[in-house]
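Go ahead and model the full structure; you've got the sequences and the hints to work with.
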Amino acid sequence: MELLLDAVFLVNRTGTLVYVSPACEHILGYSSQELMGRSMIDFVAKEDRERTIEESKLVMAGRPRIGFENRYIHKDGHYVHIMWSARWSEAHGLRIGVARDVSARKRAEALQRATYSISEAAHDAADVRSLCKAVHDTLGTLFPIDAFVVSTCDAQLRVWEKAYQFRESAEVPLLDWPQAERLSTQATNAQEPLWRLLETVPGDAAAGIPAQVRTEPFSLNDNVEAARHALAVLPMHTARRAVGTLMIYGPVRALQVEAAQRLLAFVCDQTALAIERKQLIDDLYNAARFDELTGLPNRRTFSEYAGEAVRRAQRTNGKLALLFADIDGFKDVNDSLGHAAGDLLLKEIGRRMKAGVTDCGFVARHSGDEFVAIVQDAEIVERIDFAVTRLRAEIEQAISVGDARLTVRVSVGVAVFPDDGESMSELIRVADQRMYANKAARKSGGTSFLERLL
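Note that the UniProt record's numbering gives residue 256 to position 256 of the sequence shown, counting from 1, and the numbers run on in steps of one.
For the record, the hints were derived by calculation from the structure and aren't laboratory data. No false leads were mixed into what you were given.
Here are the simulated DSS-like cross-link-like pairs (lysine-lysine), alpha carbons at most 30 Å apart as the crow flies:
1) 347 <-> 278
2) 278 <-> 162
3) 331 <-> 354
4) 162 <-> 347
Spelled out as structure tokens, the structure:
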């Protein structure tokens, strides 16, 4: 037995190792003396323990087993895939198991599965977070992960956003977001992985000082204590741009393994392409449905929202109001201050309308300097004149545009369902007519736009 390349384990009824052949040191990193007398299940990956115990019960019931596979934790911290042949010796009260290391085959299979898994996630995931969750699930089957964070970035502005975060437990050290941003920026600029050892520095609750996490650089070639855990900050790039970073915290020796390095590099490449593709699809979706300047729903999207609101009101015998707003003298802004100032004005007007209506409905940019809104709150619809007066007062507050401060006037027309029409097209026609009537009434008297520039 001591000459076998496969390891032989003898385990008693309580699950204690009573003999281990020397081959186990090559497979698991532990000497025979380090294992004997200890519980075998303690070395099994926690996700595999329950089914390993069930398998052990079958063997102890007298059923020889061949081909059972599970994962063990190597002394260095990485997973080792084992295929077992086992039987029970009633005469000796021992379970005899022969363990074969099939990690190389499993890594090849895992790489193939990772390819398919990430490809499927990129196609099926509803958003970037769902994609990141699928990547996390895939990597979690390959080696222990205590924390996992995916950050995406704007390649031009280098503005970072946390797309996904996992933390195994509260005991796992967690970088604050500014630290994570700095490390992500460094890794992205260098286009190389960063490696850090983390250490929690206790705080002082009495003095109001929170605990902090300190980072210490290290190299993959450094001889780091096996029990330590490390953070890998892996930049994700495509041929066109930087996409973000993938941060993994786990046993340092598991991350140092060359096979893990190759797999992580592959996963980063695939994830970067998938995220870029997903972002492109999202950009196209937003461009089709939302106004690029104000970020509000566009005319097409508003029609869908409003149509559903009307159908809901019909089913419930409810009421709603349609507001049609137009900025008086907007052309004067473009002519006197330029189109950039006009764009700023439109963005601010849109923001103010959204703030005034969000709690009771929704707002969209209809076209040019025209905005539309649906008010669905029945109580507000009953006193819509008061609501419009208040909304107009908010919109007509002075606005800073560059070095100038200006005020504008807004003409508003209102149509109420079902009093003024039972379809959205009827409501828009009535509200549009009333808006122009309101504009005509407001044109008499008052100062000109240029006179209102402060």
